[in-house]
Amino acid sequence: MAEEAAASGPLPVVSFLKIPDGGDPYLEGQRCGDCGAIFLGERSICSNCGVRENLKPQKLADTGVLYVYSIVHRSFPGIEVPFVSAVVDLDGGGTVKGNLINVEPTPEKVRMGMPVEVVYRIAPTKDRDGNEYLSYYFQPREK
Amino acid sequence: MSDVYIMGIDMIRFGRYPDRSVPELGAEAALLALDDAGLTIQDIEALYCGNLMQASGMIGQRILREIGQTGIPVTNSANACATGATAFREGWTAIKAGLCDLVLVVGVEQLGKVGLLGGGGGGKGISKEGLLGSGTMPCVFAEAGMEHARKHGTTFEQFAKVSVKNHAHSVKNSKSMYQKETPLEMVMNAEMIAYPNTKLMCSVNVDGAAAAVLASEKKARELGLGRAVRVAASILTSDPFTERDLVMPDVNTCTRQAASKAYEMAGLGPQDLDLVELHDCFATAEILHYENLGLCADGEAGKMIDEGESAHGGRIPVNVSGGLLSKGHPLGATGVANLYEVSTHLRGEAGSRQVEGAKVGLTHVIGLGSACGIHILEKVG
Ligand SMILES: [Zn+2]
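These protein sequences, in sequence, are chains A and B.
Here the first sequence stands for residues 640 to 782, where the numbers follow my numbering.
Here the second sequence stands for residues 82 to 462, where the numbers follow my numbering.
Honestly, the hints are just simulated from the structure, not real lab data.
A virtual CB, placed ideally from N, CA and C, is assigned to each residue, including glycine.
No false leads were mixed into what you were given.
Just so you have them, the derived chain B footprint on chain A, three or more residues with Cβ under 8 Å:
{"hint": "1", "region": "648-661"}
{"hint": "2", "region": "676-686"}
{"hint": "3", "region": "712-719"}
{"hint": "4", "region": "733-742"}
One chain only, chain B, in its complex shape (with noise of 0.2 Å):
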């Protein structure tokens, strides 16, 4: 089977866009991404779209209409937060079979008025929230980060902590949504949205959209390898049945899954990794990912985040793009953008953030639900 290979990737900037179409938002991602490659719209084989809250809309096909309708297959995925990642991975799988040479993928997604909290409400009855513990998102990823607590004695200081890298991190993004340092008395003391989650430690909600152009290795070869990024793994698992699942979503599970055979397809293991961006929708999630991706041992997550392991300089950056915390979680286009960050630094091109001498990274999402998807790209120069 054929490797494949990024030819050109790319983001607008995350935030608010009220006035402009998902189509529109993914269209311009889209003609970055190609541009980015050398390529129109006329050069792709295939369009896999990522993107939830519209999942009926035909994103993919009314993208096509902003920027050429040229009658190529299109597949639109939903699959929560991981909808990006699986749109992308969509994409590789066309190639691997040697269906496709050159696909497009988008990732977008317009959250504008959608609040922190998330979901909620439905079912039958009277409802269940504030009176059946919590379903919001704060609240379950606060109890699973107090799964770690119980286990390994994390404190809300060291879960704050996260906030406070990822934000510091984001500074030097022109592309994240906020660019602004947060203190650790100044996350500690926001609003508490559920215990050990504070407003800050919260994601933000935004719109955003970020392309991919992928190439099968003959295509690759044939355009070029100078910017190429090789994608040497690409994973997606759903949750297996763990004891608690049924009250409390369980993402370590399929976390610690996908990791394994991510490593195992690419024959490489988490030490030699340079950087990773992996899915901190809340501060309390980052946490429990050092240890599922194999970052550092079981129960030492806290030491890592206190020892600066983690931040931008340190063992293994993560999150150097801002993460979901400063740069925005716009569920469908997380996924592609977490693979712009990896793929820029692979490729040298990160300026001011960049991560020296990066080789190899890894990309992860999680979707409730659940979905996780991890990539993991190399540099081919």
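Here chain A stands alone, though its shape is the one from the complex (with noise of 0.2 Å):
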């Protein structure tokens, strides 16, 4: 089993990360058709106005803006430090959590507001079955 998800190819690191056969990766978000509030994840009901069997899939966009982060310099035993927790607001709508690369870790360099993009590399781990995962991050863009 191990060896054939293996031989496809890398697995997404969340739900919402989708790989299609021969395309490239995109992150997904669940919009309420009622209320607009945007998911992430397959949901059938929106924790927002309660709404079910209303919510649509929605390709999110690749480029978006800073919204808040932080530079953690402690973390669990085995995970890398520094690095640059990041909220991004996504173009379209749409707020994702995850790791800013390419620049400085310090608050010098990484400004609130600065805008980004969305980038998709093989994750550094693979998991106890020897599975490679597709993870997303972001990086500075420029204007």
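Both chains come to you apart, so use the hints to assemble them.
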């Protein structure tokens, strides 16, 4: 089983990262047709307005702005630090959290409101069965 | 519906008690509160116990095994960092409902070996920590603080001043885990955990217990109102849906909603408060809650800490106990301990840290997930 999965390419790190056959990966939200709230991951009921069965998948943008961040210097054992934990508002809706890369992890270099883009890379760790995972990251975007 | 009064309340000194069990710590606080009320376990009609880490362990019943198995109903509550306040509110509800005249509330926690980062881990596939940002508590509250910085220009130094203040307050509290001043340079130069929270800007994980005896108005009059404290408001909220809540726990909205309901229930406003014990789990959080609780206008929290308005002797003293940052944060006990602090001032029994002439005080806790508990207490005599 593990070998089959590994052979067919990386697995998505989270359920809302989609890897189409022969296409580019993207992040997918679920938009409520009644109130417009956007969720990450499959669901059938909107927790904002309570409406059922009116959530539709929506491809999220690969560009956005850095809403807030923290520079993490201490994490759980085995996690490489420092890194920038970033909350990004994607253009057109949806807020996603991830690592901000390709920027020096200092408050002088990381600026709230800076334009960022979503990039996709193979995660540095594999799971117990040897499967590779595709993850998403943010990096600064030239305006 | 009957008013509810605190007739007895106390806490053990917060610290590390590796050789004692959770029920033992809870029992000690329970006896202190009963003694404070001049009552015994035989007088109590129900027990409400708050404990988080051993939520399935029937802690309330095991406390009764220590101090008296009278067969009364016991309810064990778990509600993250709002666990103690939730147990207290359950007791308040029983009296409000007219089911009981005297109840005991105990909040207890043993955290000794838990690191300062909090939960984490779990989930399918590979670990998301350090890959999709960080889910550690210092980071979650750092990001919440940075939202305030983004909106209002709050600085690292202003956040750090919260920790300086609360550590200074704790010097006069013999029940605090730490009783040491930490000057600004020391706080800012301490190990950075998650910018802008340094190690000295993170609450201390400790063991602790606190307990309260609550009475109906009828029973309170019978026992004597001399040192009684009236519970003017008891509110619990959960987090409503907000825009970024999926990836960034929103500690503001549920606090604001709880505060507005609490002021309405008490028929009071923030201008009537003489002291506040709020949930400073991280220094960044205290800044947010000045505004969430209406202690200052939106955007003024940085100025409030700069001008010493929330320090002892200031316009509205906040966390004169030393707060979670110095007194310590034993999750299930925290919410009862802050009720103890405010009650002690309203009774005029806070000794060298007494807020002079205190008549009304507010307590606030928030547990991620989320639960916000607010109580407003009023001096009776
Ligand atoms: Zn909806």
